[in-house]
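Chains G and L, in that order, give the protein sequences. Per the numbering used here, the very first residue in the first sequence carries number 584; after that it's consecutive. Per the numbering used here, the very first residue in the second sequence carries number 21; after that it's consecutive.
Calculated directly from the structure, the hints in this document are not laboratory data. Being a predicted model, the structure only gives us computed values, none of them experimental. The beta carbon of each residue, even a glycine, is placed where N, CA and C say it ideally should be. Hints are supplied without guarantee of correctness; some may be wrong.
Said to hold, decoys possible - Part of the chain G face toward chain L, derived, beta carbon under 10 Å:
1) Pro727
2) Phe845
3) Ala851
4) Ile959
5) Pro980
6) Gly984
7) Ile988
Claimed, not checked - When the alpha-carbon atoms are kept at most 30 Å apart in a straight line, the in silico DSSO-like pairs for lysine-lysine are as follows:
8) Lys999(G) to Lys1022(G)
9) Lys999(G) to Lys941(G)
10) Lys941(G) to Lys316(L)
11) Lys177(L) to Lys999(G)
12) Lys177(L) to Lys344(L)
13) Lys344(L) to Lys940(G)
14) Lys607(G) to Lys999(G)
15) Lys585(G) to Lys604(G)
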Amino acid sequence: MKALLILFFTAIAVLFAGLSKNRKTLQTIALAGSILALLATGIDLMLGDTTGLNEHYATMFRFDQYALAFSAVVLIGTVLILGLSGWGFRALTDTLGDNYGLILFSLCGALCMFSFTNMVMLFLGIEILSIPMYVMAGSRRDEPESNEAALKYFLMGAFATGFLLFGIALVYGATASFDLQVIARAIAEGKHSLGMLHMGILLMLVGLSFKVSAVPFHFWAPDVYTGSPNLVTAFMSTVVKTAGFAALYRLFSSAFVDAIDFWGITVAAIAALTMTLANVTALFQTNFKRMMAYSSISHAGYLLLAVLAIGQAGSAGAMLLYTLSYSIATICAFAVYILVAEQNNNASLDAFNGLSKKEPFLAAVMVISMLSLAGIPPTAGFFGKYFLFTAAFERYPWLIGLAVINSAISIYYYFKVIIAMYFVRNEESPVVITPVGFKWVVAGGLVLIALLTLAPGSVYGLI
Amino acid sequence: MSLLLLLIPLIAAGFVLVARPSNGRQIALLITLANLALTAYVVLAFQSGGGDALAFRTPWVPNAGISFSLSLDGISLLLVVLTNLLAPIIVLSSFGRTYEHENRYYGMVLMMLGALNGVFMAEDGLLFYVFYELALIPIYFICAIWGGQDRIRVTLKFFIYTFIGSLFMLMSLIYVYLQTGDPLAGSDVIRHSFLWRDLVAVPLTPATAWWVMLGFFVAFAVKMPIFPFHTWQPDTYTTAPTGGTMLLSGIMLKMGVYGVIRWMVPLAPEAMHTLVPTFMTLAIIGIVYASIIAVKQSDFKRLIAYSSIAHVGLIAAGVFAWNKTGVQGSLIQMFNHGINVVGLFFVADLIERRLGTRSLADMGGIAKSAPRLATLFMIIMLGAVAVPLTNGFPGEFLLLNGIWNYNAWMGAVAGLTIIFGAVYMLRAYGLAMFGEPNEATAQFADLDTRELTILGILAFLVLVLGFFPQTILGLTDQSVNAILGAVQI
């Protein structure tokens, strides 16, 4: 809750400070607020005793270890992205303060999605997260792609919200409550109307699948990711995705866990489709951002394994480690991409040709990020994948087999970037100037990846 | 002590890659020599009975039963010695070429050295997997950055092949891991474990063991490689820079054989009867198939690549036979094959550097202008052919004996390798060294000091290990007995 309050007030402060239009000040305020929130979360997390935190919120919120841990993940992601924002938002002028405010507001929504114990809060959290994102997607008002992205995102998001609300209503009809615990008890005791409940669960699953861009509800993602400003895409594919999955897991593990026989196979089918389709499509992309969009869809497929492993020891920890390592690697990759693409005006994979010659550090960062995203040992991404696969192995061995094959396919497109940077000889290798903020962020990202490699257990064992 | 063996090269690799010092090659040589000295110390300590004192164990992910455990028995030690013995030779042999971004090259070699030491010492299943894959990343870069024609396609194929193979191994490891732990511990939570002894203790049904063993087999068969998983190998060996080829053939393929001895058979012995006849057949088909292709090769490097498939097929067949002579033979032959193949690739490289061609047809008469090369090459070549009193002989003898004990027919077919080996090696030697010199070979410069040192050491090892095979057999004897005893078939 501390983090939520800090973020909220920082967001308001940034909105007012936006009048000054001073880039440095705005970035500093936003960064300071989110670092403060991260510290507050980190301290609560380390103390480990969360009873005192939850006295006042009745049955709406519960800031347990789970909520705190995922808050820390998105806050780390946000701090890294805000670190990039100095140069990354240089095209924005009048709306800079609004943009920082929107990022922080949407983060407030994410925090609600980690801590809800009532479906009303889930819904509010999702909306608080999403509405700023619709605006952010369109923040480059002069670019048609950005406008297209915003409109698509908004229409699809609103559509998904409809499904979600209808699902909530049906679940309420079946169990007579919005409270997760009451719903869980009603399901366990069998005091519910089966058809209505199942329909409700299914509709909620559809709604949330839209949000996390799982196949077959993923169509908006590639266009929105490609059209949005680069930094906003990085935010969407890390923070928003993490929030969506943490909410999905929390909902299904605390309310619908006893109906797993019903939804398990559906989720398994969605996961299988998501990873296969996304990985195969990513193979054919030549635009980096579009490739990363499909990559992020495929990661949604892997993350669904955590939902399938609900009830198995370590499934939440596996998801935590996975989202953290995925977020860091994605942000580092985007940092390098933003520098290369925006300075050379080339958004395709060719932009990376011969990068290692002139910019060995940036190229190395990209390699480590790509290896981590592909899940190749000993990078952090491997441990995330390993723990996810192990957690879901006993229940769905065939799905893990498919996931393994998909991991192998994904190498092909992640390595395209490495090949372009290192092995393609290019006389005019791209010239890149690295602003200070970017140096700090990628260095910090590398340190975090190294720490996760050395001690994955410290994150995995947290919840 | 075991930790140092992998930390020193890994830290040095990090230093060379990040700091980019101007004398990266000297640092690499120094580090590999330091590691060799450390290995010598470890061998002495091991022989004075301190095997367990060398181990290093600490929890890594305690709540998932994953530990950072390294230990050494005779089998591990033999391969660690091989790795650290070949490393300075490989580094020194790379001095002959100037590579663009040299620091990166030597940094990658050092990283590889650390990872390989880790593979051979890991006592924890997941740690083994991590090192097994870690070794793949530097060799991929070595081959793809400094390789020859068509390197990007060839190396990506190599990477994806081996990576898919290892993923199957990971599935097998996870499956066995999930069967560990005591379900009667009282609570719901079962603490699984990745430790070798816990994994080995898991009883599997023949049906599940079949899948587990198959998963391991795919990983190791790709690495070695065994027919029909070998299609990446000739291209990769040929396009890779010679240092990379030496790492791949001298050390890396031993990871596969070692994996079979240490992990595949002990973890799923229940499937031995159903699967091993197939594996054995594949290995032996590979021997004959690769030998026949080797006989017809005109590219010298490619010829050695195919001969390597044949040799490793024999080594693998010896392990699959799973009797004392077979396993002992495979161990001694792994060591000797490492020395011989590195020597052969070095000769191929120095000829290619001087003549600018690898084609045997363009060589001939080199012996006249380079007598020292001809002599040392002869010794190493005889070792590869397994002539008595060279290092190849005791290994092949034990291997064929072991295979014969398993099945006389298979032993007989595998024995063809000796004949074929003599044919293709002598043919290559004759075409390259004898006959009328052409314009290029008439001015062939003989070995310089550096080359003489490298080939001299290798030739010396060929002869010494030929005379005293007992030095190796003695090192591994107890451990082979232990692992054969621990596995109930």
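Legend entry - Hint check against the structure, violated hint numbers in rising order: 1, 2, 3, 10, 12, 13 and 14
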